[in-house]
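All chains should be modelled from the sequences, with the hints used to inform the complete structure.
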Amino acid sequence: MGLYPKTIFYSVGDRGLLVEFGDEISREINEKVRRMALIVQDDIRAGIVEVVPTYRSLLIIYNPLLLPLEDLKKRLKRIEEGLQQAPLPEPRLTRIPAVYGEHYGPDLEEVAKYHQISPERVIQLHCSKPYLIYMIGFMPGYPYMGELPEELVTPRLKTPRLVVPKGSVAIAQRQTGIYSMESPGGWQILGRTPVELFDPGRDPPALLKMGDLVQFYQISEKEFQEWGM
Amino acid sequence: MERVATFEVLESGILTTIQDLGRYGFSQFGVPPSGALDTFSLRVSNLLVGNEEEAGLEVTLIGLKIRALKEVVIAITGGDLSPTLNGEPVEMWRTHLLVQDDVITFKKVSAGCRAYLSAAGGFVVPKIMGSSSTYLSGKFGGLEGRSLRRGDILYTSNSSPSFDKLGLRFPSDWIPSLGKEVLLRVIQGPQDHHFTEKGIQTLASSFYEVTPQCDRMGVRLEGPRIERRPDVEESIISEGLISGAVQVPGDGKPIIILTELVTGGYTKIATITSTDLPRVAQLKPGDRVRFKRISIEEAHRLLKEQEERLKEFRKIIQNQALAVGRIGGDR
Chain A
1 MGLYPKTIFY SVGDRGLLVE FGDEISREIN EKVRRMALIV QDDIRAGIVE VVPTYRSLLI
61 IYNPLLLPLE DLKKRLKRIE EGLQQAPLPE PRLTRIPAVY GEHYGPDLEE VAKYHQISPE
121 RVIQLHCSKP YLIYMIGFMP GYPYMGELPE ELVTPRLKTP RLVVPKGSVA IAQRQTGIYS
181 MESPGGWQIL GRTPVELFDP GRDPPALLKM GDLVQFYQIS EKEFQEWGM
Chain B
1001 MERVATFEVL ESGILTTIQD LGRYGFSQFG VPPSGALDTF SLRVSNLLVG NEEEAGLEVT
1061 LIGLKIRALK EVVIAITGGD LSPTLNGEPV EMWRTHLLVQ DDVITFKKVS AGCRAYLSAA
1121 GGFVVPKIMG SSSTYLSGKF GGLEGRSLRR GDILYTSNSS PSFDKLGLRF PSDWIPSLGK
1181 EVLLRVIQGP QDHHFTEKGI QTLASSFYEV TPQCDRMGVR LEGPRIERRP DVEESIISEG
1241 LISGAVQVPG DGKPIIILTE LVTGGYTKIA TITSTDLPRV AQLKPGDRVR FKRISIEEAH
1301 RLLKEQEERL KEFRKIIQNQ ALAVGRIGGD R
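Residue numbers (the numbering used here), protein chains in the order written: chain A, 1 to 229; chain B, 1001 to 1331.
Keep in mind that the hints were calculated from the coordinates and are not lab data.
Quantities reported herein were computed from a predicted structural model and do not represent experimental measurements.
Heads up, some of the hints might be wrong.
What the hints assert, rightly or not - Label-pair distances were calculated between CB atoms; the ranges are: (1) Glu1011/B with Arg174/A: 46 to 52 Å; (2) Glu1053/B with Ile79/A: 29 to 35 Å; (3) Pro87/A with Ile1317/B: 45 to 51 Å; (4) Val1099/B with Pro194/A: 31 to 37 Å; (5) Glu1312/B with Glu196/A: 33 to 39 Å; (6) Asn63/A with Pro1285/B: 31 to 37 Å; (7) Arg174/A with Gly1250/B: 18 to 24 Å; (8) Lys74/A with Arg1150/B: 50 to 56 Å; (9) Gln116/A with Glu1222/B: 42 to 48 Å; (10) Lys129/A with Phe1207/B: 50 to 56 Å; (11) Glu1053/B with Arg95/A: 41 to 47 Å; (12) His103/A with Phe1207/B: 46 to 52 Å; (13) Ala1321/B with Pro165/A: 50 to 56 Å; (14) Asn63/A with Glu1002/B: 28 to 34 Å.
Unchecked claim - List of simulated lysine-lysine pairs, DSSO-like, C-alpha gap at most 30 Å: (15) Lys158/A with Lys1139/B; (16) Lys1108/B with Lys1065/B; (17) Lys158/A with Lys1253/B; (18) Lys209/A with Lys1139/B; (19) Lys1304/B with Lys74/A; (20) Lys77/A with Lys1304/B; (21) Lys1292/B with Lys166/A; (22) Lys73/A with Lys1311/B; (23) Lys1292/B with Lys1304/B; (24) Lys1304/B with Lys73/A; (25) Lys1108/B with Lys1139/B; (26) Lys1139/B with Lys166/A; (27) Lys1108/B with Lys222/A.
To be verified - One side only, chain A facing chain B, incomplete, derived with CB under 7 Å: (28) Arg15; (29) Gly16; (30) Leu17; (31) Asn63; (32) Leu65; (33) Gly137; (34) Phe138; (35) Pro140; (36) Gly141; (37) Tyr142; (38) Gly146; (39) Pro205; (40) Ala206.
Every residue, glycine too, gets a C-beta built ideally from N, C-alpha and C.
Okay, structure coming up:
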């Protein structure tokens, strides 16, 4: 369906409100989420506990004893009316280095075979364009980015891995992401970045943010090992 | 912040972490709230020892053994893990004064799963993003981002024991009851429309058993499959999660999500109410749960009632402190 003609508001439990703009991953829908998140975050008042912007919806966690649900809904509907006028900051482009293949990218060969192209072509395609960061989620600092070139659209692994090393650069369906921490994972791993995506002591703690752009570039194993020295 | 060494960890127990009421405002960076799973018990233990909202110890099941390094006022609330003081059973939901070398242990699970120990002044650890809560998967927050280990020294803020709090008890009718069969009140949705009427009825009328896959991330349940509508997928585009969300993946068996996830892509049939989340914190493998759907209005009424009680308790504390002061002296 795409962008809903009328935004849907769902209650989530007794302290959540989910504002859903559409039912697919698209820049148009994501931009609405981003605009509303920026306005709500900027206008934090008593009773708003957390704001979670994702691909096509915004979850607001509120304290019903400080902010009645009806008041919150009214406020959000008002914000929604003025949404297109809300200014968006200029997207920042971050270039992310990655060493591809071998034990850093254990799925590179299979992905190449799946598309009947060479591993070099996979790398070239992956680095060929800046990706929009749709959201940061799943784990601290993890960017969900898209869209991949059509020739690289690949399903998830049939069997997820129990351990995906920190820094792994991966793809699944139309998206690409970077595992900011070691974790189980089902995406196809093409390579690894030496760059730190998340540092709890830093302000802001995440290197990347929703709405910005990322472009990958290939580095050698030597450069990877010597990074930051 | 001024701090003083207050406890030595003699045995770590199964899992003990430092938690406050959670880390909020950072989900845009993918950081989940973490925090005490039974916020009600942590709040009461803090109130008992005269703290506002400080960090306490979340003690899971048995084994924790700590030794006091100085005089300290404590209170233990939450699950009944048979706490002892120097080998003798120690009463929960009230304050106690420990002296140097006193040893607290949690010997046996009588009921529930997690106990909360607060100390006057609160446990002091470096705050990460404004919170003392431990985020285990992220390995930050609390004590070095991990559970307590033998040999750890725990610090509290530099305050002298407040003797006006001694003997203070939380009214026994307000102490939550713990049992092996737990009723969890839920608000239906947000993806309830992904399930058949039969599926929704299954959730509302069946008993589910808590499986061993049960930790701070979530509680996996075993029981009747919840039927999904054949024309919808099991997964949705990743969206924000609230603690207490009841996810139903492809196998039809519900999973209650807790505080360690920010976003997720499984359909959620219902969400546990704020007042009943602490009951989830007290679930352990083998316990049984039943779900009851209520309206948001009813849930808000229950929440208001809970908060009124805590306000009432604060008044009791103030009156007690005044009474002690009037009787004379600070001892």
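Looking only at beta-carbon atoms, does the pair Pro87/A, Ile1317/B fall within the given range of 45 to 51 Å?
49 Å, holds
Quick check on the hint: Phe138/A CB to chain B CB, less than 7 Å? 6 Å, holds
Agreement of hint Asn63/A with chain B interface, Cβ distance less than 7 Å:
9 Å, violated
> With a cut-off of 7 Å, does the beta carbon of Leu65/A approach a beta carbon of chain B closely enough for the hint to hold?
Replying inline: 6 Å, holds
- Query: How about Pro140/A: closest beta carbon in chain B under 7 Å, or not?
  - Reply: 4 Å, holds
Exercise for the section: For Arg174/A and Gly1250/B, compare the CB-CB distance with the range 18 to 24 Å and indicate the outcome. Expected result: 22 Å Cβ-Cβ, so the 18 to 24 Å window holds.
Handout entry: Hint check: 7 Å Cβ-Cβ cutoff, Ala206/A to chain B
Key = Because about 4 Å separates Ala206/A from the closest Cβ in chain B, which is inside the 7 Å limit, the hint holds.
Given pair status - Lys166/A, Lys1139/B, alpha carbons within 30 Å: 13 Å, holds
Next item on the list: Go through the hint on Gly141/A and say holds or violated, using the shortest Cβ distance to chain B against 7 Å.
Entry: 6 Å, holds
Restraint check, 7 Å cut-off on beta carbons, for Arg15/A near chain B
Hint holds; Arg15/A Cβ to chain B Cβ min 6 Å, cut 7 Å.
Leu17/A as an interface hint toward chain B, with CB separation required under 7 Å
Violated - the Cβ of Leu17/A stays beyond 7 Å from chain B, reaching only about 10 Å at its closest.
Taking 30 Å as the top limit, are the C-alpha atoms of Lys1304/B and Lys73/A close enough?
This hinted pair holds, its Cα atoms lying about 20 Å apart.
Checked against the numbered hints listed earlier, the structure breaks hints 4, 5, 21, 27, 30, 31 and 38; every other hint is satisfied.
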